[in-house]
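Numbering (our numbering) for the sequence shown: 494 to 905.
Since the hints were made in silico from the structure, they are not lab data.
One or more of the hints may lead you astray.
What the hints assert, rightly or not - Each pair of labels, with its calculated beta carbon distance range: (1) Trp-863 / Ala-683: 45 to 55 Å; (2) Arg-680 / Ala-594: 51 to 61 Å; (3) Ala-785 / Arg-565: 43 to 53 Å; (4) Pro-737 / Ala-654: 20 to 30 Å; (5) Thr-656 / Ala-683: 39 to 49 Å; (6) Ala-654 / Ala-683: 37 to 47 Å.
No residue lacks a Cβ here, since even glycine has one placed at the ideal position from N, Cα and C.
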Amino acid sequence: MTLRFLPPPGVPRRLAAAQLGNSVGDGAYYVCSALYFTRIVGLSPAQIGLGLTVAWAVGSVAGVPLGAFADRRGPRGTSVLLALATAASVASFLVIRSFWAFLLAVVCYATAQCGLAAARQALLAGVVAPGERTGVLAHLQAVLNGGLAVGAALGGLALGAGTERAYLAVFTLDAASFLLCAAFLLRLPAVAPVPGRAAGEPRLAVLRDRPYALVTLLNAVLLLRMPLLSLAIPLWIVERTSAPGWLVSALFVLNTAAVMLFQVRVARPVTGLDSAGRAVRRSGLVTAASCAVFALSALPGAGWAAALLLVAGAVLQVDAEMRQSAGSWQIGFSLAPAERIGQYQGFFGTGVPVARTLGPLLLTSLLLLWGIPGWLLLGAVLLGASYAMGPAVRRAGTVRRGSGPREAVVPG
């Protein structure tokens, strides 16, 4: 069977080109940034952790008003401006040499990134038919993973060199990649701004939409799985299992390749809220199974047995990830009023910075301190959130249908 990595020609492929443009630079940045800030800038790990926590907290709050700004001023122009702002913030990393400069730069970076995510979703909603959005997003996710893999390989070369010039080349590449992203976004059709607010309508209506807030909260809980592959599982392998350390890299490659190959196929059955709810529920079941398998890898035994369990857990985990992604894309778009896509997507997208901010501390504490019971508890929490999503989505959908196109809020 032939698997298509790129979306159909036209607007979807231009969106994919913009996604690929910035993902290559981001892949290199993710690999090198921590070591650059410690070895070259001279920051301590605690300073870096504090700065990133503050930055993503600010970014999660800024995403909603920036998404609303995209609705009012047009998502294409807003996306281009925020891509340029991201490029500028990355370029500033080339010259910072103090903690306070680092803090300012990463706050600008996280704010621009969160706003860009919301504006791009609003742009996609304006140029792609509703029934095609989840499929296009699946293609974009596959392209994203491909770009991150290429970027990570380039970042690995910089790490191998270990020189200041090599690190600076990575940041230059990342800044240039967002300039390229802005150029591709500028080639997309313009989307007309939405009409002004009706009399008495709140400026940020999504903040009073309680059913949508509940759906967003549950999605944020499900996204706590994000730091698993990048942080929790590598530490688990090294500290709690007898598996070889090189398995950390192998599991990352496995995850990336699986998303590239199968995300589009997994997302294909998701065409509405009912199918999205089923995808999220199944993802919860598979996630719980993967947590149980990861837990078993810590039992006494040969290294090869632990490695096999870790690979099996990683296969289950990436299957759950793809199902949850497809379901959440459909839910986030379907429940958002057409005239407020930007601010609603900005709010729905807060799950990502929340997972980046709280996930590392929660998962490392839960898994490394509690061990096997921690894995089982994590699986139970994610399973519960996945099953709670269905009733929450039905309630939000009922409120949306009953409130009309311009008053889709629940009074506070």
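Going through the hints against the structure:
{"no.": "1", "hint": "Trp-863 / Ala-683: 45 to 55 Å", "verdict": "holds (52 Å)"}
{"no.": "2", "hint": "Arg-680 / Ala-594: 51 to 61 Å", "verdict": "violated (34 Å)"}
{"no.": "3", "hint": "Ala-785 / Arg-565: 43 to 53 Å", "verdict": "holds (48 Å)"}
{"no.": "4", "hint": "Pro-737 / Ala-654: 20 to 30 Å", "verdict": "holds (26 Å)"}
{"no.": "5", "hint": "Thr-656 / Ala-683: 39 to 49 Å", "verdict": "holds (44 Å)"}
{"no.": "6", "hint": "Ala-654 / Ala-683: 37 to 47 Å", "verdict": "holds (43 Å)"}
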